[in-house]
Every structure is written in structure tokens, then in C-alpha cells.
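Q: Using the hints, put the two standalone chains together into the complex.
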Amino acid sequence: MQQGDGTEAQVTWEDQQNINRFGRLNNRLHELHDEIKLAKEANENLDDAGNELILSDEDVVRFQIGEVFAHMPRDDVETRLEQMKEDAAKKLERLEQEKESIVSQMAELKKILYGKFKDAINLEED
Amino acid sequence: MAAAAASSSSSSSAAATPQGVTERRGIPAASFVEDVETYLRQAGLDVNSGLAFLQERLQQYKIVEMKLLAQQRDLQAKIPDIEKCLDIVATLQAKKALGEALTADFELSEGIYSRAKIEDTDSVCLWLGANVMLEYSCDEANALLKKNLENAKASLEVLVADLQFLRDQQTITQIRLSED
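If you read the protein sequences in the order shown, they are chains A and B.
Those letters in the first sequence? Residues 1 to 126, per the UniProt record's numbering, in order.
Those letters in the second sequence? Residues 1 to 180, per the UniProt record's numbering, in order.
Bound-form chain B, shown alone (with noise of 0.2 Å):
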């Protein structure tokens, strides 16, 4: 994740120009071309094969397009359930700081609640996923949280970049394929 973070951040607010950016995060970017002619006279290829070689590439992109809108559904559906963590843990501290006590009705198994009463607490667990849960102070907690809230929303944000960035490539393929 630093890594990509470390070379998505020089490439993030460029746009492709024709001879600037070459790739982003193994992405490579579509070259732009005005004058098909002399492109395919100086690649050496004939017309038909520049054209499966643009085919294949767009089939390429549409590949890499659906990975990262698969890892876009993820972390949208992940950033509001950190939020919700987040809520139940800022209603524990609340209620402690009042000295009361929460009580709350949970789920048991599906459809089957039983009622707690949950008293002067300072710790909540947090499953970390891997069959491994740890116990963490409320302070603890929210700090962690906060922390996974904010490398989701950062995450998310550079998966849009790269989505777009992608999508520019693809759009520039079709040009050319509908030119040439």
C-alpha cells in the first residue's frame, strides 16, 4: 500500500499529455496520435495489426477497470461500517462519562435479540479480521478507527484517480480505434 501510495501521489494530479505520463500504478497510458499514418509508418506495423494491437489493449483496460471497480465496491461498503463502529464507540464513552449505563438490545442469532446491560466500561474488542479479535481502550479504539476511516477514505480517493486515469486511457484507445 505505500508503494502505491508513493507513486500515486507524483502522478495523481497529471493528466495524460501525449509524451508526459507513461504509466500509472503498471497502468499504461495510451499514446495519442494525430497523424495515423505517420504512427503506423514509424511503428512499422500495417494497419491491421496496429488495430488488433489497439483491440487487445482496450480489452486490457476493461479487465483492469473491473478489478478496481471491484475494490471501489469494497471500500465503500467498508467506510460506513467504520463509521458505525465509530458511533457505538462514542456512545459508550458518552454514556460513561453520564456514569450510566447502555443498555442495548443485540442480536443473538438471526432474528433473536437478548438484552445487555453494559456498565462503567473502558475497553471494547475489535476483530481484526484473520480470526483475531483484541481488546482496546474506548480511547484506544476510537483512535484505530479513526485511523482505519481515514486510509479507507485516502484509499478510495486514489482508486477513483486511478479509475479515471483508466478511463481516459480507454477513451483515448476508442478514438483511435474509430479513426483508424
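Pulled out of the complex, with its shape left as it was, chain A reads as follows (with noise of 0.2 Å):
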């Protein structure tokens, strides 16, 4: 990630400690980026198992919980899936707020980091 040719600018202790904190937020974005998009997933799923149940026409309808398919209540169902698809945009909403906050740190740690090395170091994405 961060290959440097140059020998003209000192690497101090402190540049060290930005660059690692660099390295762990890009590794943290890079998780993000999956767990945003299995979160989505999570949130398009519910919403077609609550489509289908407005569309169905049956009274007990099998959900399934841990490895079984439970007879339910219509009702009860409709209950637990809100329930589920509020917690999964909640998690969704917290997912892309971590996500913009570490985007912003590392704008902000390029910009010290650039300062200093110019282009002795980069910081890209290959």
C-alpha cells in the first residue's frame, strides 16, 4: 500500500504512528465494504418475505427460526419481520455512518502524511 522510494524525508515516530493508523482504517473500510453489502442483502430479503406476506393469503404461515420452519400467526409474523427489518436498517445506518467517519479520517491523514512525503509515498489503491 504505502511504498516509498525516497530516502530524503526522515520517517519519525510519529509519521510511523499515522501511517499504521492509516493502514488500519483502509482495513477497516475494506470490512465495511462487505459487511454493507451482506447488510443490504439482509434488508432486500426481509422486504421480498414481507411483500410475499402481503401477497399470501394464509393464515399460519412458516417462518423460520434457528433450522426449523415454525407455524406461525400470520400477525405474529408480521410483527417479528418489522422488528427484524427496523434492527437491519438500524445496522445498515450504523454500517455507512462508521463509513463515513473513517473515510473522513483518512482524507485527513493523507493530507499530513501527502504534506510530508509528497510523492515518496503513496497511499492509493493500486
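Bear in mind the hints are in silico, worked out from the structure with no lab data behind them.
Remember, it's a predicted structure, so these values are computed and weren't measured experimentally.
All C-beta atoms, glycine included, are put in the ideal place defined by N, C-alpha and C.
The reader is advised that the hints may include incorrect statements.
[Claimed, not checked] In silico SDA-like pairs for lysine to any residue, Cα to Cα no more than 20 Å straight-line:
| id | chain 1 | residue 1 | chain 2 | residue 2 |
| --- | --- | --- | --- | --- |
| 1 | B | Lys95 | B | Asn131 |
| 2 | A | Lys118 | B | Glu34 |
| 3 | B | Lys78 | A | Gln64 |
| 4 | A | Lys85 | A | Ile36 |
| 5 | B | Lys96 | A | Val77 |
[As the list claims (entries may be wrong)] Beta-carbon label-pair distances, calculated as ranges:
| id | chain 1 | residue 1 | chain 2 | residue 2 | range |
| --- | --- | --- | --- | --- | --- |
| 6 | A | Val60 | B | Gln59 | 57 to 67 Å |
| 7 | B | Val47 | A | Gly115 | 23 to 33 Å |
| 8 | A | Arg80 | B | Gln59 | 42 to 52 Å |
| 9 | B | Gly44 | A | Asn122 | 52 to 62 Å |
| 10 | B | Asp139 | A | Met84 | 22 to 32 Å |
| 11 | B | Ala94 | A | Asp59 | 55 to 65 Å |
| 12 | B | Ala154 | A | Gln105 | 24 to 34 Å |
| 13 | A | Gln97 | B | Ala101 | 40 to 50 Å |
| 14 | A | Glu58 | B | Ala101 | 29 to 39 Å |
| 15 | A | Glu125 | B | Ala101 | 23 to 33 Å |
| 16 | A | Asn122 | B | Glu37 | 20 to 30 Å |
| 17 | A | Glu58 | B | Ala94 | 17 to 27 Å |
| 18 | B | Ser114 | A | Glu58 | 11 to 21 Å |
[Stated by the list, open to error] Pulled from the structure, derived: some chain B residues nowhere near chain A, Cβ distances all over 12 Å:
| id | residue |
| --- | --- |
| 19 | Arg41 |
| 20 | Gln59 |
| 21 | Arg115 |
| 22 | Asp120 |
| 23 | Asp122 |
| 24 | Ala143 |
| 25 | Asn148 |
| 26 | Gln164 |
| 27 | Ser178 |
A: Listed below in C-alpha cells is the structure:
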């Protein structure tokens, strides 16, 4: 990720810590991308389930809990589904917020590090 | 596990400092060097052996990283599993409190389902691993599963911190390689 060929600027411990921080943030950002993708899928699945439930005219539906499909009254499933949707939406929002904060912290660090090392350091993705 | 938790708690908050932390859970810290020439002279190394040492260290870090990542994946898969178990135990308990039976379709074999009516149940059997299954009361099962969940989450946290530490050491080593 960071390959400087320059020996012009001395890397101080403070710089090193900034680079470490940048590396950590970058790793977390990659993890977040995956987590956000999964969270979005979960949201869509729940939406689909909700729509199917509206279309179905059965009073008792099979709802997966653990490894089995429990027979549950439609109203109960509806409430549970709503609750799950809400949780999933909150989770997605939390992840998006974390991503924003990381992106801005990385921009800040980039400014500092590029300011000192110019093109002797490369903080971009390949 | 207990020993690991004890040793990590002492260093979990500590970032690697030039002279501070020397290792974390057996992972040696990379030493930070500002003045390469002085370092080499003090260590009695010439440039090539210094570089070779760093390269080797970097490889070792990478191997440890792979191991930790595999552990992380296992734990991340385990946590939702435990949550699922907790969910079904809670459902059983709720049904019992209502005095209703739980009707459930369960898988007999791949793609073949049968129907079960679970009435007035007080206990569930938990698969403990190593071909052992033990019957627990619902409350006990709930408590045990919750404890397992907590443990798994705690280990994951320690593991993530280990990984961060490891990556810092990798970064330090890479920077030194690029400087030398």
C-alpha cells in the first residue's frame, strides 16, 4: 500500500503512527464494504419476505427460526418481520456512518502524510 | 484461552511504541528505526543481512496473519449460529408460557421435511461437540448459550485487536524495508 522510494524525508515515530493509523482505517474500510453489502442484502431479503407475506392469503405461515420452520400466525410473523426490518435498517445506517467517519479520517491523514512525504509515499489503492 | 486473555488484557490498549511493547501474544513487535545507519552499526549487520532479516520477519507476520484471519472467520460464523440457537430456545419458552404447542417443519434429510408438534417442553439438547449431546432445561440452555455468545464475542474482540497489532508491525516493517 505504501511504498516510498524516497530517503529524502525522515520517517519519525509520529509519521509511523499516522501511517499505521491509515493502514488500520483502510483495512476497516474494506471490511465495512463487505459488511454493508451483506446488510443491504439482508434488508432486501426482509423486504421481499414482507411483500410475499402481503400477497399470501394463508393464516398460518412457516417462519424460519434456527433450523426449523415454525408454524406461526400471520400477525405474529408480521410483527417479527417489522422488528427485524427495523433492526436491519439500523445496522445498515450504523455501518454507513462508520464508513463516512473512516473516509474523512483517511482524507485527513492523507493530507498530513502527503504534505510531508510528497510523492515518496503512495496511499492509493492499486 | 484464559492465559491468552490475561496476557492480552495487559497490552490490548497499548499501541506499539518504539521502546514500549515488545510483543503481543507471542507476536514480536517490529522495532521502529529512525536512523538506519546507526541501527545497522549497533546491530552489527550489513545492509543485505539487515534487509534479509526484515524480509523474513515480514513473511512470518504474513503467516500469522493468515492464521488469525482464519480464526476470525470461524468466530464470525459461530456468532450467528449461537444467536439462532438462542432464538429457537426463546421461542420454545414463549410457546410454553402461552401453553401452546410449537408446530414446526424440520428437515429430515436434504430437502425432506417432516412436521413435529412440540408440547410442553422443559428441556432441549445441546450439541456440545466431540459427538456429545447433553440435555439442558430451557433456562440452563439459555444461560449457557448466552455465555458462549459472550465468550465468542470477547474472543473476536481480542482477535481483532491482535490483527490490528500485527498489521501495525507489518506496516512498520514495510516502511523500514522501503527506507533501507
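Q: Flag every earlier hint the structure violates by its number, smallest first.
A: 1, 9, 11, 14, 15, 21, 26, 27
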